[in-house]
Every structure is written in C-alpha cells, then in structure tokens.
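Okay, here's what each chain looks like letter by letter:
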Amino acid sequence: MADRKALQAEMISGHSGASPGLGMQRDLEVCKLVDTTTCIGCKACEVACAEWNDMPFTPTTFDNTYQTMPETRWNFWNLIKFNEHQNPDGTIQWLMRKDQCMHCADPGCLAACPADGAIVKYANGIVDFNQENCIGCEFCVSGCPFEIPRFNPMTKKVYKCTLCSDRVGEGLEPACIKACPTGCLKFGSKDDMKYIAEERAKQLRDNFGWQNAGVYDPQSVGGTHVIYVLHDATDPERYSLPKNPTIPWSYTVWKWLFKPVLGTFALFGFLGVIAHYITSGPRVAQPEPPEKEGPDAGINV
Amino acid sequence: MTNGWIDIKNTDMMLIMGGNPAENHPCGFKWAIEAKIHRNAKTIVVDPRLTRTAANADMYVQIRAGADIAFLGGVIKYAIENNRIAKDYLVNYTNAAFIIKDGFSLPEDGLFSGFDAEKKVYDKKTWNYEEGGDLAGKPVVATPADKPTPPLAPGATPPAPALPPNIAFDLSLQHPRCVYQLLKKQYERYTPEMVERITGIPQDQFLKAADLFTSVRKDGDMKKVATIIYAVGWTQHSFGTQIIRTAAMLQLLLGNVGRAGGGVNALRGHSNIQGATDMAGIFDILPGYLKMPNPTDVDLAAYLKRTTPLVAKPDPWESFNYWSNTSKFAVSLLKAFYGPAATKENDFAFNYLPKIDRNYSWVNIWNDMYEGKVKGLFAFGMNGVMIGPDSNKNIDALKKADWLVVCEIYPDETSEFWRAPGITAEDQKKINTTVYRLPGAGFAEKDGTFVNSARWLQWKNIALPPPGQARLDQEILATIFLKVRELYKKEGGKFPDPVLNATFAYTNPHNPLLAEVAREINGKALADITDPKTNITIKAGQQLPGFAWLKDDGTTISGNWLYCGSWTEAGAMMQRRGTDDPSGLGIYPNWGWSWPANRRVLYNRASCDMEGKPWDPSRRQVWWDDAKQSWVGVDVPDFKVDSAPKDHMGPFIMNPDGIGRLFVPLSGMQDGPFPEFYEPIESPLANLLHPKQSNNPVVKKYKTDMDKYAKTGDTEFNIICTTYRLTEHYHYWTKNNPMNVELVPEPFVEVPAELADRMGIRGGEKVKVTSARAYYIAKAMVTRRIRPMKIDGKETFQIGIPIHWGFRGIVEDEGKTAKTLANQLTPTVIDPNAFTPEFKGFLVKIEKV
Amino acid sequence: MEFSRRTFLKGTVLGGAGFSALGFDLTPVYAQTQSLKISRASETRSTCPYCAVSCGIIIYTLGDKAKNAIPQVVHVEGDPDHPINRGTLCPKGSSLQQDILNDRRLLKPQVRRPGATEWEDISWDQAYTEIAQRVKKTRDDTFVETDAQGRTVNRCEGMAFTGGCTDTNEFNYLAVKSMRSLGVCYLENQARV
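As you go down the protein sequences, you meet chains D, S and L in turn. Heads up: the first sequence begins at 1 in the numbering used here, then just goes up one per residue. Heads up: the second sequence begins at 1001 in the numbering used here, then just goes up one per residue. Heads up: the third sequence begins at 2001 in the numbering used here, then just goes up one per residue.
Just chain D, with the same shape it has in the complex (with noise of 0.2 Å):
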C-alpha cells in the first residue's frame, strides 16, 4: 500500500489552472518496470488486462506471427509485440515486448485532448481516460508518439490502458503485473523502478554479455511511467519502439499559448488539429506488417 495517496490529479485535459488539492501530500511517482530480457511472451498480462477490464472478445486471425494481433484495439490495451531479429552471425533473436500506454511524464494526449476531464494526469504518473467527457475527436490518438489511444467507433471514444487506476487506487497493483509469471514485469515508484532497471542492464553487461544493454525511458516525452530494460538500448526500433518519441510541437504549442485563456477549446483544437496537419500532413497509418514478397516472404516481425 506504499502508494496510498497515489492518485491525487495533477494535469487535466481541457482545465484551466493547477489542479486542486495538489501539493497536500508527498508525491510518489509510480513506474511500471517491463524487463524484455526476462519476457518470454506468455501473454498473460494481455489476459489479465482483458479480464480485469472486462473487454469483450473479438475474433482474430492467424497472420504469421505469435502476436494476437497487429496492434493494440480499444478493446485490447496490451500487446506483446513479437519481433524475430537476425543478428550480423547470423542467429536468431526473438524479441518480445509488452506494448501499451507509456503513461508519459508529459503526455502528447492530454496536451492535445480539448475535452475538459477526458485525460487527467494523476501526481502518481498515470494517465488516464475518462470515457464520460470523452467527445471523441481523436486528438488524442495523433497526439500520442507511441501510438496507443484507440478509438471504439461505437461508442465514439477512445480508450487505452488505465494502468488500472481503480486498483492502483486501492493499494493493488496493475493486472498485467499481477500475473506476470517471471517477473519481468515490475510495479513500484519510479525511482525503484529505474534503480532495478539500472541494476539488471548492469548485470546483462557483466555477467550476460549483452555490452549495450540499458533503460528506455524517453526523455523526449519527460520519461515515462513504462520503462523497459532492453538486451541493446541503442536500437529500441528493433523491439519496435521509437527512438525519440516526440509530441507533435502543434500541439505543445496551442496548449501552451491558448489553453489559459480556454473556453472555445474546440475551436482552438481544431486549429491545433489544423496546425498539425500543416506542418505533419495527414495522419499517416500505422505501420504495416512487412510485404510479404520476395525472398523474406513471411517471415515473421
């Protein structure tokens, strides 16, 4: 119960001035630890988020890989995400890393949400959706660097992993860390977090042999409240993770210049949206399954 306190608001989406009642109590930043090295892809954490959360079933399709499915849905927020990776001798490294809400320090979806209370970031790190205010714009979605917001085109609003805030909230862990069988998925305050996180690629160095492994924890986004120990931290892409994730400056900038004075928050979302959409272009699809041609035919990412 070490965090107790843990979900007093800190950020909300659409709300002018600082948030009540913080600063009453000692913050403690919460940090889930998700250690590639020691996931062995079982899933269970997929079955556990699934099942805590309810989320209906929806059928799937074999595509060459172990991996559920593409990407994560709105109704399925955590994803191994399977990677086979071919190292310069030739043998074979099959990654697997739990995708899901990174639960940013600095979030792109909450600076784009123009939605009053649809995205509240708690003192303790986690962001959260709140379906209710939710208007369904999807700025959110483009604001996010790691891809994560899904939007559920029947009930018009988007979802993704609460870091199970309800439990948190009551002194219990996330789901997904709850079972996780090995371990390697961890729940703590950040700064217990990224001392283990530290201390494990220490000993990958050491005694395993992996010399470039280390901690993904983006300072692009003010680090995250997910952070991953990874066997060769200088190429996250091959566990497919960006690099530097960023949040689109459109939508830093509106937030900061208009969102005191808010209000009109549509309208000045929408400009935000504009704004993007000048200097990105289009919202470009996610990337898709490699094509399946040519002497890699099907193999497996």
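Just so you know, these hints were derived from the structure itself, not from any lab. Each hint should be verified, as a subset may be incorrect.
[To be verified] With a straight-line cut-off of 20 Å between C-alpha atoms, the simulated SDA-like cross-links for lysine to any residue are:
#1 S:1794 - S:1701
#2 S:1373 - S:1712
#3 D:202 - S:1040
#4 L:2067 - S:1464
#5 S:1819 - L:2067
#6 S:1845 - S:1692
#7 S:1399 - L:2067
#8 S:1494 - L:2145
[Stated by the list, open to error] Coverage of chain S stretches by chain D, computed from C-beta distances (three or more under 8 Å per stretch; other residues unrestricted):
#9 1032-1046
#10 1049-1058
[Stated by the list, open to error] What follows is a set of in silico ranges between Cβ atoms, one per label pair, in the way DEER data are often shown:
#11 L:2037 - D:237: 32 to 40 Å
#12 S:1426 - L:2141: 25 to 33 Å
#13 D:54 - L:2063: 48 to 56 Å
#14 S:1469 - L:2040: 29 to 37 Å
#15 L:2040 - S:1039: 56 to 64 Å
#16 S:1611 - L:2150: 55 to 63 Å
#17 L:2114 - S:1160: 24 to 32 Å
#18 D:237 - S:1795: 41 to 49 Å
#19 S:1632 - L:2063: 48 to 56 Å
A quick note: this is a predicted structure, and the numbers were derived from the prediction, not measured. Ideal Cβ placement from N, Cα and C applies to all residues, glycine included.
With the hints as your guide, set chains S and L onto chain D.
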C-alpha cells in the same frame, strides 16, 4: 521431479531439453528467471525450435528431434575426458565401482548381449553385477560359470535372475569391467564429430554447450550445482525412458542429484498426472508404485516374493532397501480396497485383483479395440481421439466398440467420433456404438487433491456447483459401480466377489465426499498398534501419521502408502497454507504436503559428502549431527536418520543396491543397461553408429491395416515433424475458451523460411502436411526460428505442429479450420519401458494447398 | 452511497495523509465510476487445472453462499500466498473465468444410439441403468478366471477405463478400486501420454 519448482532458483546452471517451460509452465519458469537474476545462473536450451524458452536462454542449440541421446552421450564423454566429474560422489553414491558380469557386451553393433532376434527381447542375465567383494588391483578374475539350474517342471517359469548379495567392486574404478570403465567405453563412440553428424549440431556449438554445462564441476569443485529440466519432448520417443536415463547418468556423474538446485526434473504437463501415476491410473502398477500381480503370483506370498527386492550391495557398505517393506504397503492396500472381506485366511483377497502378463497400455487399448477385443470404454475427461497417436485408428476402433461412456465438460472429439469429418450420415447409420455423454463437473465445482510435478499434494476447494444437470465425477463413477454391484447381487455373474466386496463405506456411497476418500487413502489403524521403540500407540480407528506405521498383518489400511501422512489425526496436511520458509531454499515445509513423508528434495543425503557435511554449506539441506547421532536439516532427510556416515549406507534408499544407477542391472530396462542412440521409428537416415540396427531393437511396429510407417530414408516423407503445445492453449480444452482462442485463433504449422521459399509457401497460406497415415491442413507460419540442419552432411528440414485444434471447438464450429487433427499424423509405436507413444520426430511431406 | 472512484479517492487521500482534506475540490471531472469489482466478492482458494506447476488461484464469487443462492463468478486471479506462483498466472490461468462460465459446457446427459446421426437426451437414471447393464454384460462375456495354463488371473479384457489429467487423487483412487474390482486390465490415464 526429484526437486521442485521453487528449488530451481537454487541452481547455477540449467539444461532445458525436451521441454519448453517458458511456454508450458510459465509460472514455474519464474524460478529459472530467479536463478538468472539472483545467482547469475546460465541456461542452455536444446530444442528443434527456437521456442520462447530458447528466446530467454544464454545458449540455444538447435537439435534434430529424437537425437537427444547422441547429444547427451556426447556430453557424458566430454565430462569424463575433461575431468568434469564428481569423483567422490561417483565412487560412493553410484554403481560406478561395481563390476559387471563377464559376458556382458556393449552395443557396438547396436545390440547389447543377450538379444533374441526372433522375439525381439533381451535375455538380461549378463546385465548383472559380479559377485565377490573388493577386486581393486586384482587381476581380472574369470567369472564362475552360472550354477547349473535343476530342470524345470513343464509349464513352470524359471526363477528370475537376482542381484548378487555381495557385489564385486573396485573403488579405484580401474577394473575393465567396472561400470565406470564400461560407461567410458560406451560413450567413446559419441565423439563431437559423430554428435554433429547425428544431431545436426555443429561441433563448435556442441563443445561450447558441453563445456558450459559441465563447467559447474570444473576441477572437481563440488560447490556449484546444475539442473536438467525436461518434459514430453523426451518421453515421447521409442527410446524416451533412455533419454531420461542418459540425463540422470550425466547428473550422477556430475554429482548433481539430491542437491538443492540440482536433480532431474520432469515438468509434467497436466495438473494431476503426477497424482494419477502415484495412484496407479496406469495398467502396470497399483497405488504407490506397487507392481501389478501376474499369473505366476499364485498367492500373496508368491507376489510379495517376486516384488520385494533383497539387499544387494558391496559387503562393506549398507543399503536401506526401503522396498523391503512391500508387504506392509500391499496388505494395507488390499485392506483398504476390500475391508473385512480381506482376511489373513483368504490372502487378504489377493485374488480379487486381476493378474496381468501383457501390455495393456494406452496404445494397446485402441489397437485391441480396433481388433475387436475391447468392447467398452470409459473416458473420464480423456479425449482419446485427439490424443492419438493415429487418431484415425482410434476413431475406427471406436466404431467397432459396443459402448462408450464419456464424462466431459465440453463436447469433445471422442464422444463425437461417429460424426468426425468425412463420416457421412450414411456411414453413421452403420456405426453401432452406443455413446453415453455425461456432463461432469469442472475443476472449480469439485474439491480434492492435485499433485504437482514437485510431488506436492494440494487440496482445492469448491467455488460453485456444477451447471445444469451436470454432476460430480465421483458421483457418476460411484453410481455406475454401485449399480453394477446391484446387478451382481440380483443376478449373479462371473466372479462377483470383488464387485460385491470393494469397500464403499462412505457417508453417501453414491456420492462419496472426497475428504472421506482422502482419509482412506492416508490410512488408519484397525487395531491398537504400538511402536516398540517409542512406545507410542495409535488407537484403532485413528489416522496413521506416516507409512512407517503400516503393517502386513491386516491391522492397518492405506489406499496409497506414499500418501500415508497426508491426512493424519492432526488434520489434512495437504490443506496446509504455511508460508514460512526458514531456510530460504524454497522448501516451504508447512505448505501442502509432499510425498514421501513431506520430503521436498529426493535423495537429499547425496547433498552431503562422505562425512555428512553439505557439499555447499550455503545451500545446506540435511546433514549429519554427530552430537545427536542423527541426520537433521531443513528438509526431511531422505535416509535412515540414525545411519552414521561411517556405515556407508547408500543415499538411494529405494534401490536395493542403495546407489544411483549408472548401469541398470537385470530387468530394470527392456532395451539396455546403458542408453544407446537409436533412430526414431520414422527417420530420414539409418543410424550412423550402427546402420544395421537403426531403431531400438525391442520396439515393435503394430500390425493392423491402419498401421503404416515411412521407411528409413523415405524419399517421399523426408521432413521431420514434431508436435507441441502453445503457452496460450491447453491441449484440447481451451479451444472452448474465447479468451484463449482470441490469443491464438487458428491451427498453424511452423515451417522454416528456407523450406517455405523452396516450396513457394508464404506465411498465412494453407499447407497440407502428410504422413504415411493421414494429412493435416493449416496455415503456414514461416519462420527463421527453425533453421535447416545438416544431418550427416545432408540438408534436412524440420517442421512443427501445435496440437490444439480438432473438430469441436469455437473456431472449428464456426467452420474456420480444416478440422484435421495433429495426431492423425502420428505413428502407433511406443517406448518399450514406459509405453509412451512416439509423438515426436516422425516423417512427413509438406505441400501448398 | 455510490462506491465510485470518487469516494475512494477521497478516502485514500484522507487515510493516507492523515489530515482533513475538507474543501478538497474533487470535481466530477476526474472522478471516474470504475469501482473495484472484487471488493464485495467471496474468495475461494483453488488450484489451476492446467499444467503441473499447481498455481494457487482465487475464484472471486458474488453471493453470500446462502443455501438457495448460486454464487456468481466475477473474477479469477492468482493466489499471492501460494509459494510457487506468488499470485501470478499464465494466459491460461488468467482466463479461467471463461472456462468456469462457458456457454459451451455440457449441461445434460445424452446418448447416441447405434446407427443414429444425432444425440438424444436421456435421464441420469436411465443412463446409469443402461451403462451398468452394459458393463455387467461385457464383464460376464469377457471375464477370464484362469489362463491357458490354469493359473488364476481373474481379469476382464473386454473393457477399458481411461482417466483424464484433471481427475483428483480421490477420484483416481475410486476409479482404480472400482475398475480393478471389475477385473479391468486396460486402465490408463493421461499420465501415460
């Protein structure tokens, strides 16, 4: 497992082979991860595929399916040649120093001495120890010829050869016929070059793996410990038991058995197959591993004489020979089965038990049903059509049965064999089998005990009642049995005595409370019994505290002596939930109850040196306390507690010779006292060690018209195929679970990218895999995780098929699959020792659909 | 009072900080309505029925277990006290709720008669009676009291019993006792394969 799940955290080195624990035992695999993180333990994975376990290994070696003995034999050779062996352990705790009879010969031509080519069995009389004391430094003495045996009465069975009571030995291990020298010679042929040719593992990789694994015994240092972890990738071969023996021998050579973080550890794939084995759910044993009677056992005395081993050891040593108590276990079992009807006068109803003298194992049920001999079948939660091997044969066998009773929780392929794909309505009209499908209870609706792979008995509780009209399995079974009893009472019939007299004295005999049954299994005193040493008395009617209390005079009952101690007067030991682990070794002595006698690591006396001091004091389990003149420790000593180290009692107390057996004498194994590499029944090449004896010589092919096998080096079927489970699914059960189906929705075949290229197969396209028996259709998963191999220099491909899909299930019922079964492909052939079918390493061809 | 995130937020702030947070403006803006779904549930300790690791599980049910009420399973999670799995579960164990509450479950006894192309319903009593008659007939037809050499064998080779991987010790014991008493030799289990 000799050790346990949590104990894996105590290891320094893991060889994971023939098993895929990260996928099939994820929560147990956490302890392998713990060892990595807290001890910097290394993992070597040897597997035909780069599995999710291999993905986490420090070293992954791809092996040809079925070539395991060649690999392990090569490691044994490496360990011996590089002095990576535990010398004191070897000399004192194994039979390395024992001398083998003259006339025994090694299988340089593929056959050990004594082979009867016509009957395809061995005469094992030369597979025995020599008699005669210490032969160290003495010249090789000629063995006295076997004493002439008096002529036998017609029809009488000759007495089985026995171990000599006074075994000849040479503690210097120099005698040319001592086990160590023979072992060295046996694996001399398993050179790195030969290993490469057979297994497909390049020599440099093999040597790296052998060096890494045996590095725990560098310069003979005994501190470090290595474990070997396996599963059905080893058992499911026509030489499966011998693979496990090779591993056990390697562990004995390295002195890793009995130690925390060591041992030979079977993962076991199902929640209670350890319990089912203990409880003799298999044809050849009775509960507690008592042997089944055979027709030569004309009475109880004859049975006990045949099945109770006599001490056989070097004279200066001691042997506990715990099986000398067989009579107590057997009589207590008969009393539990037949109660008052089992009396001293009627040999405790010994003749109520069937006497067997042939193989009634799994494959033979189906074979003999196919041949019309087996008329009826009960399947309680056992989906025989899916399990195979050769599912089509099993389906055709069921067509010939009169009746089938299936107790299940989901609609399964066995109960619906009569409408399997390909059987038309017209065909169905010709199938005369009556099938009863009874809805049983799911796990959450039943209580009772499971035994995990670490031998822990754990009770589970009822969360809710069965749905609809479904009933508890024990109610269904008991009611059927008692109805049959009623019929015998009313109508009489063949030998009704055991049917009438089997005890069902439960509060509600038609629906026995499992707690009552569990108490019966533990056993109780029928009369006041007193231990003369301690003067403690157990009163008539009281639960027994342990199997040391069992008697062979009919004053005790116990349904399974191994579980005696699990439900005592103090309560249900298997319900205990003590979370204390004072030693930090993960023993948890007060959680559940572990057989035997709540011991967590078997053979733990071997964790100490000759003086009774732990090889590694930082992982001490038991030790000799000189002041107390007793073995003490954090685990229950697996030993005679007052046997001082100077007595030199062997730590392997269940063997009459008291030692770990590098060489298995006499009838212990059907196919050789040492493991020898043989090719799978279906193999792309002849055995490189002895091409004329390619397969296991005692293995027989089946002979019905359904039994077809690919030829050695078959040009049509030239791809090696293996089968397995996925972490997302459980056998033929979770295909009914929408969550698991979402994770992996469809059947697939894993195909090496190079083979796929050659065949023009792309990932996700449908392929047809055909064996000599049937075909299987699923999508291709094209991967680089299975590489082409060079077997004897020739490019060879392996493919893999997960077993989970059939013709009833969520996606099957939606028509999304071809409704073929992986086990339609597999051959009917079994291991001669454990009778497990050869599901791994058979031959197929693959085509685009 | 509605037990919502809002109330527990308040509660935890108060409890955790140990001082009054009156005037704490918890507007509905960030008070979501997700409540902890297991907070009122009963816990039943069980063992996962899949592999042999024997993970301890907790089955959460609603309903007070009164005689006339059927408990409703709302969640299944690992038992944190269990020394082996320490509360963790694999993807199969984590989805056990879907096994317990599954609309594919068999709910009534059925029989497939010789030559039939469909199942028909049968009462339990009728099923038991017919099965017992068949067992007795098969036993009487195929029972061997002595073998060719005149030795007592007392065995029934006409029927077989196969037990599953999730049968408990106690069930297996009853099966061995009853089947061996019928003289059954073909007695096998998932343990073999």
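Checklist entry - Taking the CB of residue 2114 of chain L and the CB of residue 1160 of chain S, does the distance hold inside 24 to 32 Å? => result violated (47 Å)
- Status of the given 29 to 37 Å range, CB of residue 2040 of chain L versus CB of residue 1469 of chain S: holds (30 Å)
Inset, instruction - Check the following: the C-beta atoms of residue 2040 of chain L and residue 1039 of chain S are separated by a distance inside 56 to 64 Å. - result: Cβ of residue 2040 of chain L to Cβ of residue 1039 of chain S: about 43 Å, so the range 56 to 64 Å is violated.
Holds or violated: residue 1373 of chain S with residue 1712 of chain S, Cα cutoff 20 Å?
-> violated (32 Å)
Holds or violated: are the alpha carbons of residue 2067 of chain L and residue 1464 of chain S at most 20 Å from each other?
holds (12 Å)
Residue 237 of chain D versus residue 1795 of chain S beta-carbon gap, inside 41 to 49 Å or not:
For residue 237 of chain D and residue 1795 of chain S the Cβ distance comes to about 33 Å; the hint is violated.
Would you check chain D against the segment 1049-1058 of chain S, counting CB to CB pairs closer than 8 Å, and say if three or more residues qualify? Answer holds; 7 residues pass the 8 Å Cβ test.
- Lying within 25 to 33 Å: is that true of the beta-carbon distance residue 1426 of chain S to residue 2141 of chain L? holds (30 Å)
Next item on the list: For the pair we were handed, residue 1494 of chain S and residue 2145 of chain L, check the Cα-Cα distance against 20 Å.
Entry: Holds, because 8 Å separates the two Cα atoms, which is no more than 20 Å.
request  = Go check the segment 1032-1046 of chain S versus chain D for me, would you? Three or more residues, Cβ under 8 Å, otherwise it fails.
outcome  = Held - the segment 1032-1046 of chain S has 5 residues with a Cβ nearer than 8 Å to chain D, which meets the minimum of three.
Query raised in the report: Are residue 2037 of chain L and residue 237 of chain D spaced within 32 to 40 Å by their CB atoms?
Result: Holds: the Cβ-Cβ distance is about 38 Å, inside 32 to 40 Å.
*Return holds or violated for the Cβ distance of residue 54 of chain D and residue 2063 of chain L against the range 48 to 56 Å.*
violated (18 Å)
Hint check: violations occur at hints 1, 2, 5, 6, 7, 13, 15, 17 and 18; the rest are consistent with the structure.
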